[in-house]
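Chains as they are written, first to last, in the working numbering: chain S, 1 to 747; chain X, 1 to 152.
Hints were generated in silico from the structure; no laboratory data involved. Some hints here could point you the wrong way.
[As the list claims (entries may be wrong)] Lysine-lysine pairs mimicking DSSO-like chemistry, simulated, CA-CA at most 30 Å apart:
| no. | chain 1 | residue 1 | chain 2 | residue 2 |
| --- | --- | --- | --- | --- |
| 1 | S | K251 | X | K68 |
| 2 | X | K9 | S | K580 |
| 3 | S | K667 | S | K689 |
[To be verified] So these bits of chain X aren't anywhere near chain S, every CB distance computed over 12 Å:
| no. | residue |
| --- | --- |
| 4 | S37 |
| 5 | G78 |
| 6 | R149 |
| 7 | T150 |
For every residue, glycine included, the Cβ atom is placed at its ideal position computed from N, Cα and C.
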Amino acid sequence: MSPTSSAMERREFLQVSFIAGIGLIVGCSSPQSAAASSGADSTATTADRLVPNPWIRIDKNGTVTVVINHSEMGQGIFSALGMIVAEELEADWSKIRTEMASMDPVYVNPAFGVQATGGSTSVRTCWDELRKAGAATRELLISAAASTWGVPSRECRADNGNVIHQGSGRSIPYGDLVEKAATMPIPKNVPLKDHRDFKIIGKSMPRLDTLEKVEGRAVFGIDVRQKDLVTATILHPPVYGARLKSFDPAKAKSMPGVHHILPVSTGIAVVAERFWQAKKASEAVHVEWELGPNANLDSESIRARWVELAKQNGKNMLSEGNVDAAMKSAAKTIEAVYELPFQAHGCPEPMNCTASVREDGCDIWVPVQNQGGAQEVAAAITGLDPDRVRVHTTFLGGGFGRRGDVDFVIEAVELSKALKTPVKVIWTREEDIWHDHFRPASYHVLRAGLDASGMPVAFHHRSVSPAWMNDTIEILAPAIMPRWLPRFMKNAVSSAAIPVVKYAMSAKSASSGAIEMGYAFEHVRVEYIEDDPGVPTGAWRSVANSRHAFAIESFIDEIAVAGGKDPLELRLHLLRNSPKRRDTLKLAAEKAGWEKTPPAGVYRGISVHDFHDTPAAMVAEVSVDKSGYVRVHRVICGVHCGTAINPRNVEVQISGAIAFGLTATLKSSITIAKGRAEQSNFDDFPLLKIDEMPKVEVHIVPSTAAPTGIGEVGVPPIAPAIANAVFAATGKRIRKLPITRQDVTGV
Amino acid sequence: MIELKVNAKTFQVDVEPDTPLLWVLREELGLQGTKYSCGIGECGACMVHVNGEATRSCVTPVSEVTGKEITTIEGLAGSIGTALRESWIEGDVPQCGYCQPGQIMKAAELLASNPQPSDSDIDAAMSEVLCRCGTYNEIRRAIHQAARRTRT
Numbered sequence: 001m002s003p004t005s006s007a008m009e010r011r012e013f014l015q016v017s018f019i020a021g022i023g024l025i026v027g028c029s030s031p032q033s034a035a036a037s038s039g040a041d042s043t044a045t046t047a048d049r050l051v052p053n054p055w056i057r058i059d060k061n062g063t064v065t066v067v068i069n070h071s072e073m074g075q076g077i078f079s080a081l082g083m084i085v086a087e088e089l090e091a092d093w094s095k096i097r098t099e100m101a102s103m104d105p106v107y108v109n110p111a112f113g114v115q116a117t118g119g120s121t122s123v124r125t126c127w128d129e130l131r132k133a134g135a136a137t138r139e140l141l142i143s144a145a146a147s148t149w150g151v152p153s154r155e156c157r158a159d160n161g162n163v164i165h166q167g168s169g170r171s172i173p174y175g176d177l178v179e180k181a182a183t184m185p186i187p188k189n190v191p192l193k194d195h196r197d198f199k200i201i202g203k204s205m206p207r208l209d210t211l212e213k214v215e216g217r218a219v220f221g222i223d224v225r226q227k228d229l230v231t232a233t234i235l236h237p238p239v240y241g242a243r244l245k246s247f248d249p250a251k252a253k254s255m256p257g258v259h260h261i262l263p264v265s266t267g268i269a270v271v272a273e274r275f276w277q278a279k280k281a282s283e284a285v286h287v288e289w290e291l292g293p294n295a296n297l298d299s300e301s302i303r304a305r306w307v308e309l310a311k312q313n314g315k316n317m318l319s320e321g322n323v324d325a326a327m328k329s330a331a332k333t334i335e336a337v338y339e340l341p342f343q344a345h346g347c348p349e350p351m352n353c354t355a356s357v358r359e360d361g362c363d364i365w366v367p368v369q370n371q372g373g374a375q376e377v378a379a380a381i382t383g384l385d386p387d388r389v390r391v392h393t394t395f396l397g398g399g400f401g402r403r404g405d406v407d408f409v410i411e412a413v414e415l416s417k418a419l420k421t422p423v424k425v426i427w428t429r430e431e432d433i434w435h436d437h438f439r440p441a442s443y444h445v446l447r448a449g450l451d452a453s454g455m456p457v458a459f460h461h462r463s464v465s466p467a468w469m470n471d472t473i474e475i476l477a478p479a480i481m482p483r484w485l486p487r488f489m490k491n492a493v494s495s496a497a498i499p500v501v502k503y504a505m506s507a508k509s510a511s512s513g514a515i516e517m518g519y520a521f522e523h524v525r526v527e528y529i530e531d532d533p534g535v536p537t538g539a540w541r542s543v544a545n546s547r548h549a550f551a552i553e554s555f556i557d558e559i560a561v562a563g564g565k566d567p568l569e570l571r572l573h574l575l576r577n578s579p580k581r582r583d584t585l586k587l588a589a590e591k592a593g594w595e596k597t598p599p600a601g602v603y604r605g606i607s608v609h610d611f612h613d614t615p616a617a618m619v620a621e622v623s624v625d626k627s628g629y630v631r632v633h634r635v636i637c638g639v640h641c642g643t644a645i646n647p648r649n650v651e652v653q654i655s656g657a658i659a660f661g662l663t664a665t666l667k668s669s670i671t672i673a674k675g676r677a678e679q680s681n682f683d684d685f686p687l688l689k690i691d692e693m694p695k696v697e698v699h700i701v702p703s704t705a706a707p708t709g710i711g712e713v714g715v716p717p718i719a720p721a722i723a724n725a726v727f728a729a730t731g732k733r734i735r736k737l738p739i740t741r742q743d744v745t746g747v
Numbered sequence: 001m002i003e004l005k006v007n008a009k010t011f012q013v014d015v016e017p018d019t020p021l022l023w024v025l026r027e028e029l030g031l032q033g034t035k036y037s038c039g040i041g042e043c044g045a046c047m048v049h050v051n052g053e054a055t056r057s058c059v060t061p062v063s064e065v066t067g068k069e070i071t072t073i074e075g076l077a078g079s080i081g082t083a084l085r086e087s088w089i090e091g092d093v094p095q096c097g098y099c100q101p102g103q104i105m106k107a108a109e110l111l112a113s114n115p116q117p118s119d120s121d122i123d124a125a126m127s128e129v130l131c132r133c134g135t136y137n138e139i140r141r142a143i144h145q146a147a148r149r150t151r152t
């Protein structure tokens with residue numbers, strides 16, 4: 001991906017300046033950008049530092065700070081982006097530090113057009129730019145050393161944080177070159193390193209955020225402290241779309257520590273000195289709600305509607321050949337319905353945000369994936385220029401897509417504006433689950449036509465799921481944003497988030513993973529039917545792919561069984577035009593010993609799925625006991641992510657995604673009753689536990705291609721691999737998640 | 001006023017007696033390594049030691065722990081604490097990191113009572129602490145590693 005045009009322009013105008021006596025600043029054409037690149041909040045000059053671009057700072061003591069424009073929510077992005085810079089810079093890894101970027105156009109994610117983290121885009125979108133930034137800085141430092149020694153640059157090389165003069169063996173550490181380098185022009189069109197010379201990329205480097213997380217010092221949003229801070233918790237409506245009628249604060253107001261009880265756009269805020277006081281008082285607030293049209297909404301009525309809707313034609317997302325004719329002339333046809341429920345994110349850190357609104361500006365400290373959206377809503381609420389809104393991104397205690405929405409930011413900013421003091425909003429776990437923006441539920445009808453040899457010639461997939469969008473703000477805004485939002489705010493949010501929203505809410509995105517299957521069917525049609533029952537939905541690790549992968553990869557297994565084919569051989573045949581998927585699947589199958597018989601009592605299922613150019617294939621080994629309990633022993637995964645920046649991180653991201661996917665496969669779902677999620681905490685939305693965690697083996701397809709994403713791809717293939725293994729074990733085809741003992745035993 | 005002994009120091013706190021220990025640690029004493037996640041004793045992110053026993057501070061009223069020895073992640077000392085921290089770092093266990101203080105506190109209790117836990121011992125003890133990032137295999141390895149460290 002190319003950087004934004006504004007970023008390109010800035011790069012062109014980079015210039016170096018020296019502030020006598022105190023150090024260096026390498027400024028950019030825009031003062032805002034210079035402030036951003038110098039580390040955000042400090043108004044002090046960038047003393048003792050070389051700042052050659054918005055991504056890198058080098059201090060006189062040799063510390064290299066890499067500015068990271070993506071939220072760290074566990075996916076290891078601080079370390080991955082740090083490694084890319086360190087590689088080209090020939091830096092000493094022990095001197096690398098990372099710092100979360102402030103707000104600036106230069107830090108916009110080109111995949112979305114706003115500063116945001118999601119879609120496994122971080123490494124992909126930063127790869128070129130960070131390599132160039134590192135390489136240019138390396139050459140700058142080499143020039144500075146050469147000039148110091150009075151030798152040609154070509155006789156010098158950079159290595160492990162030093163510039164070395166090859167002939168004499170002299171060397172200077174980067175820190176000692178800071179002053180000199182700041183007086184020199186930044187080299188352009190610098191060659192990037194060859195893959196064969198990589199020393200850091202491709203090695204399993206330790207994460208840069210481990211120590212503070214192990215010692216309990218890492219600052220998450222919930223840990224933010226400010227002077228005069230009050231704490232609020234929010235009572236959201238008991239039914240999606242319900243409106244506040246009236247509330248009686250009297251009893252709650254008299255409770256210890258309680259400051260205020262007041263309405264916000266999202267519900268009722270209870271503001272107190274301390275969280276526990278706010279929570280206790282919130283239970284004593286008597287609220288009357290206008291429940292609205294969703295008062296009787298439940299999962300059964302949603303399903304009944306989708307059963308009917310699925311009888312109609314949908315929007316054609318992919319159509320090749322003539323499916324209807326091919327089905328008619330097929331030797332055999334099969335049809336199956338697959339169903340997936342709503343899913344909660346279950347971020348370990350409940351939604352929260354701290355805001356301080358003043359007349360001259362607004363500061364927001366928040367664990368968020370969408371800094372651009374946070375800034376825009378705050379600007380709209382406060383009437384401040386967006387430049388006056390500073391978003392300070394903390395560590396995220398889980399994100400998984402939930403923190404791409406900014407409803408909690410709205411609450412904190414509204415409250416701080418009203419109360420004229422810094423406010424920290426912390427949701428209870430119950431509110432966090434009730435008012436999650438769920439992975440949409442979906443209903444899938446799949447049909448296949450097989451020829452006389454058992455090979456599929458026609459494939460038809462029609463899915464129904466909640467609405468995700470069309471082109472206009474009028475349509476999108478209500479869909480992405482709760483119905484209570486004032487119009488002006490909808491517009492503001494929409495204008496900031498249009499690219500994100502368009503991506504997230506288009507029919508194409510709702511069919512992501514269904515359209516680009518990679519299978520060479522002669523006749524294929526993929527249809528999508530949009531239906532929004534009124535349940536809030538959002539991005540959930542691997543978005544629509546998590547649903548389509550389960551339906552398609554399970555159905556491919558059904559086709560294999562119907563045609564008498566081995567599920568691996570059938571897939572390899574159908575993937576003949578998709579070499580990356582094919583290589584990945586072959587690797588997983590080979591490492592799993594697919595051709596060998598598994599140990600007694602152990603059964604295997606296989607799947608392959610591509611998430612945004614990263615295919616992953618899995619072989620799951622399970623056993624099923626008489627009660628229908630499914631135990632997953634081992635998962636062997638092949639993955640093709642181009643250049644693996646940090647192989648160990650690739651492994652643990654896959655392993656973690658398998659755990660995330662197993663919760664949805666074996667344990668939990670969100671069901672709707674009386675207009676709201678029935679589940680509210682980890683007792684009724686249980687997460688996978690350590691004793692249920694399988695062994696995981698990850699095998700990376702060797703590649704020197706540009707890196708693709710890794711944070712989400714492990715989720716989609718796990719559910720069908722498990723379901724296919726359950727079929728192998730029991731002969732029972734699982735067409736609904738999560739897998740229940742009844743589905744397995746049939747009783 | 002309620003008197004609390006936390007990480008070998010004595011504190012006087014002015015809170016309602018039913019306030020969970022979790023919020024006293026976080027908001028009164030500034031010990032924020034202990035995390036709020038479920039509030040009902042299901043997930044273990046709030047795990048601290050009370051007289052050496054791993055305890056869910058989110059469902060422990062502060063009035064019940066007066067006079068007892070409370071230890072948080074910030075105060076976890078001794079050879080087991082050191083071994084666990086080193087093994088967690090060496091194994092690069094955390095992803096988002098939010099639950100890890102709770103994991104380490106629970107693991108410390110396990111090693112104190114069972115210096116050489118088997119995989120199933122680890123599973124039995126550690127299933128009290130949830131990790132949404134799924135770092136369980138890394139946690140298991142790190143506990144074995146810490147057990148080896150404390151033996152040598």
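Checked hints:
no., hint, verdict
1, K251(S) with K68(X), "violated, 35 Å"
2, K9(X) with K580(S), "violated, 59 Å"
3, K667(S) with K689(S), "holds, 10 Å"
4, S37, "violated, 5 Å"
5, G78, "holds, 15 Å"
6, R149, "holds, 14 Å"
7, T150, "holds, 17 Å"
Checked against the numbered hints given earlier, this structure breaks hints 1, 2 and 4; the rest are met.
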